[in-house]
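Colleague: Sequence:
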Amino acid sequence: MDLTWSAQDEQFRAEARDWLAVNVPRQPLPSGDTAEGFAAHLEWERALHADRWSVVSWPREYGGREASIWQWLIFEEEYYRAGAPQRVTQNGIFLLAPTIFEFGTKEQQDVLLPRMAAAQDLWAQGWSEPGAGSDLAGIRSQAVRDEQAGGWRLSGQKTWSTRGAFCTHLFGLFRSDPQAERHRGLTYFLVPLDTPGVTVRGFDRLDGDEGFADVFFEDAFVPDSALLGGVDQGWSVAMSTTGSERGLTLRSPGRFLKAADALVALAGERAGAATDLLRDRVARSWMQAHAYQQFTLAQVTNIVEGRPVGARSSLNKVFWSELDIALHETALELLGPDALVDGPWTRGYQFSLSGPIYAGTNEIQRNIIAERVLGLPRR
1 MDLTWSAQDE QFRAEARDWL AVNVPRQPLP SGDTAEGFAA HLEWERALHA
51 DRWSVVSWPR EYGGREASIW QWLIFEEEYY RAGAPQRVTQ NGIFLLAPTI
101 FEFGTKEQQD VLLPRMAAAQ DLWAQGWSEP GAGSDLAGIR SQAVRDEQAG
151 GWRLSGQKTW STRGAFCTHL FGLFRSDPQA ERHRGLTYFL VPLDTPGVTV
201 RGFDRLDGDE GFADVFFEDA FVPDSALLGG VDQGWSVAMS TTGSERGLTL
251 RSPGRFLKAA DALVALAGER AGAATDLLRD RVARSWMQAH AYQQFTLAQV
301 TNIVEGRPVG ARSSLNKVFW SELDIALHET ALELLGPDAL VDGPWTRGYQ
351 FSLSGPIYAG TNEIQRNIIA ERVLGLPRR
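Numbering of the sequence shown is given in the UniProt record's numbering, commencing with residue 1 and proceeding in unit increments.
Since the hints were derived computationally from the structure, they do not count as laboratory data.
Hints may contain errors.
As the list claims (entries may be wrong) - Simulated pairs of lysine to aspartate or glutamate, EDC-like, Cα-Cα distance not exceeding 20 Å:
no., residue 1, residue 2
1, K106, D224
2, K106, D121
3, K258, D18
4, K106, E43
5, K258, E269
6, K258, E333
7, K258, D280
8, K106, E77
As the list claims (entries may be wrong) - What follows is a set of in silico ranges between Cβ atoms, one per label pair, in the way DEER data are often shown:
no., residue 1, residue 2, range
9, H183, H290, 32 to 40 Å
10, T199, A291, 23 to 31 Å
11, A291, V231, 28 to 36 Å
12, N367, I325, 17 to 25 Å
13, T4, A271, 32 to 40 Å
Glycine residues also receive a C-beta, built at the ideal position from the N, C-alpha and C atoms.
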């Protein structure tokens, strides 16, 4: 693996760094999981789009720069280094968009992608249900064919939809053949949340943020054009989306390199509290962040050379989610009693605890790794 960057890549890095230095907000924006913060973040998203930084790897016709996947990684690294705001459009841009590129019709791509890049359409996930959290194949929400109207009637409930209270659209699975086996008979739909029969109910988290939502479907009609992929082929389409969620698109190495450097700086500031054990944990966290970067570079090499990631995305997910917790736990120990004060490390720690749960619990991911990567028997 060649770890050197080309002159073109370095020029791209310099351009990205210069733009971010000028444009990143000087004061941190409010949480993107609050109504006020979400609105502020949308202004930032639209500034990114105006100068073609919101989707750098996409075709120019959809608002991108046609940057290589290597350059996308460079941009992510610079983005986090600059302390830029969280991406509240990530469900669409990082998760749904790769699936639309793979499975969408040309018409779907032409209509949906430019609006997504411009933060005009804002996408929530429709995976979890009250009786089906990590067990995605256990969903019960139904899609019933309406031949006369030329579409589908959706019924059921989706829950834990991140920023669903603020979004305009939802993507997710519905059971289109209730007689089929668990992983079959599922269809992937793209649903505007203002569709008659769709009700969005936001609810607060314990930390006061209000972005989560339950979404209810009561005989909500969507046309055939709302399907992504084929009828009853939703599981394959969804695996593409979850692969993006578990792999490098949702949690690029830049996020953890930035956190690791901040942890090293904190250890320097709190030298008096840094025992030998804590210093060892700081060093270990820094090394693991860089190990994740190297693993990602190897993974991207495989992608570029035509070898799909597949089930190996579960390795990413387990590693980055547990690294995130370790980084923040070490920071809180360095802070000591100051960790009780609400601040970036405390908030970050609270969020990190959800990492082994969302995008498929780590217990499920370890099963996938054992069976599909290592080839171990199911029992």
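Colleague: With reference to the structure, classify each hint as holding or not holding.
Modeller: Here is how each hint holds up against the structure:
With a C-alpha separation of about 15 Å, the suggested pair K106 and D224 falls inside the 20 Å cut-off, and the hint holds. With a C-alpha separation of about 18 Å, the suggested pair K106 and D121 falls inside the 20 Å cut-off, and the hint holds. Restraint check for K258 and D18: the C-alpha separation of about 18 Å stays at or below 20 Å, so the hint holds. Distance check on the hinted pair: K106 and E43 sit about 29 Å apart at the alpha-carbon level, beyond 20 Å; violated.
Only pairs whose Cα atoms come within 20 Å are accepted, and K258 paired with E269 is accepted, the gap being roughly 17 Å. Between K258 and E333 the alpha-carbon distance is near 19 Å, which keeps this suggested pair within the 20 Å criterion. At roughly 19 Å between alpha-carbon atoms, K258 and D280 fall within 20 Å of each other, so this suggested pair holds. With a C-alpha separation of about 31 Å, the suggested pair K106 and E77 falls outside the 20 Å cut-off, and the hint is violated.
Between H183 and H290, the C-beta spacing of about 37 Å keeps the proposed range 32 to 40 Å intact. Checked against the given bound of 23 to 31 Å, the beta carbons of T199 and A291, roughly 45 Å apart, lie outside it. For the pair A291 and V231, the beta carbons lie near 43 Å from each other, so the given range of 28 to 36 Å is not met. In this structure, N367 and I325 meet the distance hint of 17 to 25 Å, their C-beta atoms being roughly 20 Å apart.
In this structure, T4 and A271 meet the distance hint of 32 to 40 Å, their C-beta atoms being roughly 35 Å apart.
In terms of the numbered hints stated before, the structure departs from hints 4, 8, 10, 11, listed from lowest to highest.
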